[in-house]
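Here the protein sequences come in this chain order: C and R.
Residue numbers are given in my numbering: position 193 of the first sequence equals residue 193, and the series is strictly consecutive.
Residue numbers are given in my numbering: position 71 of the second sequence equals residue 71, and the series is strictly consecutive.
Simulated from the structure, these hints should not be mistaken for lab results.
Treat the hints with care, as some may be off.
Ranges between beta-carbon positions, derived for each pair [stated by the list, open to error]:
no. : chain 1 : residue 1 : chain 2 : residue 2 : range
1   : C       : E171      : R       : E245      : 26 to 36 Å
2   : C       : Q257      : R       : E245      : 34 to 44 Å
3   : C       : Q83       : R       : A172      : 50 to 60 Å
4   : R       : A167      : C       : V258      : 38 to 48 Å
5   : C       : G261      : R       : A56       : 17 to 27 Å
6   : C       : A250      : R       : R188      : 40 to 50 Å
7   : R       : A102      : C       : G192      : 29 to 39 Å
8   : C       : A103      : R       : D210      : 30 to 40 Å
9   : R       : R60       : C       : P88       : 37 to 47 Å
10  : C       : E245      : R       : E259      : 30 to 40 Å
11  : R       : R213      : C       : A239      : 33 to 43 Å
Derived coverage of chain R by chain C (criterion: at least 3 residues anywhere in the stretch with Cβ under 8 Å from a Cβ of chain C; other residues may be distant) [claimed, not checked]:
no. : stretch
12  : 58-64
13  : 120-132
14  : 150-157
The beta-carbon is built from N, C-alpha and C at its ideal position, and this holds for glycine as well.
There are 2 protein chains.
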Amino acid sequence: MSWGVFDSGVGGLTVVRALRRRLPGVRLAYLGDTARVPYGIRSVDTVRRYAAEAAAFFRRRDVEGLIVACNTVSAVALDVVEQGFPGPVLDVVRPGVAAALAATRSGRVGVIGTPATIRSDAYGAGLRAARPDAVVVSRACPLFVPLAEEGWVDGEVPRLVARRYLAPLIEAGVDTVVLGCTHYPLLRDVIGETLGPDVRLVDSAEAVADVARGRTTAPATSGGGTEHEHCFVTDAGGAFREVAERFLGAPIGRLEQVELGA
Amino acid sequence: MSWGVFDSGVGGLTVVRALRRRLPGVRLAYLGDTARVPYGIRSVDTVRRYAAEAAAFFRRRDVEGLIVACNTVSAVALDVVEQGFPGPVLDVVRPGVAAALAATRSGRVGVIGTPATIRSDAYGAGLRAARPDAVVVSRACPLFVPLAEEGWVDGEVPRLVARRYLAPLIEAGVDTVVLGCTHYPLLRDVIGETLGPDVRLVDSAEAVADVARGRTTAPATSGGGTEHEHCFVTDAGGAFREVAERFLGAPIGRLEQVELGA
């Protein structure tokens, strides 16, 4: 079985990284809509149009299942992707919600993400639907994305930024925090240190990779690595490869620029 | 005379703010390509295509002169705008270079901007062309944009970020620094404090507004304000109005969503 992974930019490569560990021999195609990143600041209509174009892109390619790594698309346009792609579609919100429900004892859960993800309240709605007594404290953390992309993942600046963003979660006494953005795993250490050892972190990239492993029918072949990956971007300008490899934690294999919505 | 002002997002509203002070009664139309912001991370080809679409947009409207407030477009696609728009076209790089040359004594000039602007070396090339002995120290400061948009413009976080970004400029002993991004005027205080009182700051938004005043033929009427402004965006989602008013320093007048490249 082969999986397509879709995100607005490089962030979804943390999902590819998590998949690679679980399914080393499986063929993966990654699409980063880097010409139109970030989705988190767009209107819902715009995000839904982009999501339909991504589904059409994978429909035309040899991909059996599709993982929506973009929290914004997962939150506001998953139905569009499901209508536009014939195979199984996984998103990051539902696995993140399930993992948070399994992790929390008190039912007090923090959710951090982009402004669009937090405004959508997709995680909060999922948590409260399964556990009506859940107390969900959400916080948008816009600076975490550029910090991750700059590689400023430790030291005083990310520590102060994390302290400022996470203060309401600490005050609310959450025992679990969902990293509701695929960029945030790069800041996992500083987020964890800020929240303290009693707070469990749920990484939605890891959570969706666990689900994908369970849904992968063909046995994984041995080996694996970049020869089984194809990375598509809509704009390969700037320092794309350098930043992408920081997210993937490994060299990028085949890289190809494509046009969506044509 | 009426001016159009074009930027990829909200940043160019600092140019509108500077124009409003100098030309209170003049009609202004602002276009922010918020559906595709930020341009600073796109490839040159993509930026040139977007710039051509913006020129076509203003060509179809009742606008006599055009100000390219986007440093990225000024640096890599000004010729495209000039070919696509019949009236005078001002950019932010040339006025910024001229103001820096007037301000510096030692010829040691710092330039800060987005990664794309810094990679283009547009300010550096302009400075060295006019003053071959100039020493130009450039630095991309990607976190300044989200700090400005978050409104984190004073306190410890912006101070630490500024110290980290500006250290090479201070070590090089520059006596003048160009704010080569329309977002940066919001961080002017913290940038100025970090560099110290002996370093002059050149704000390219102010510099281009000075040039526009000199090129405006009809006398400014008295009064002015938002009734003379029309703000067009390609995506009005998220907290656009709130962030935009922080940049403009005043309420936004008429706001309309438009489609480019159609």
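Hint-by-hint comparison with the structure:
no. : hint                        : result
1   : E171/C x E245/R: 26 to 36 Å : holds (29 Å)
2   : Q257/C x E245/R: 34 to 44 Å : holds (37 Å)
3   : Q83/C x A172/R: 50 to 60 Å  : holds (56 Å)
4   : A167/R x V258/C: 38 to 48 Å : holds (40 Å)
5   : G261/C x A56/R: 17 to 27 Å  : holds (19 Å)
6   : A250/C x R188/R: 40 to 50 Å : holds (41 Å)
7   : A102/R x G192/C: 29 to 39 Å : violated (51 Å)
8   : A103/C x D210/R: 30 to 40 Å : violated (58 Å)
9   : R60/R x P88/C: 37 to 47 Å   : holds (46 Å)
10  : E245/C x E259/R: 30 to 40 Å : holds (35 Å)
11  : R213/R x A239/C: 33 to 43 Å : holds (38 Å)
12  : 58-64                       : violated (count 0)
13  : 120-132                     : violated (count 0)
14  : 150-157                     : holds (count 4)
Violated hints for the displayed structure, listed by number in ascending order: 7, 8, 12 and 13.
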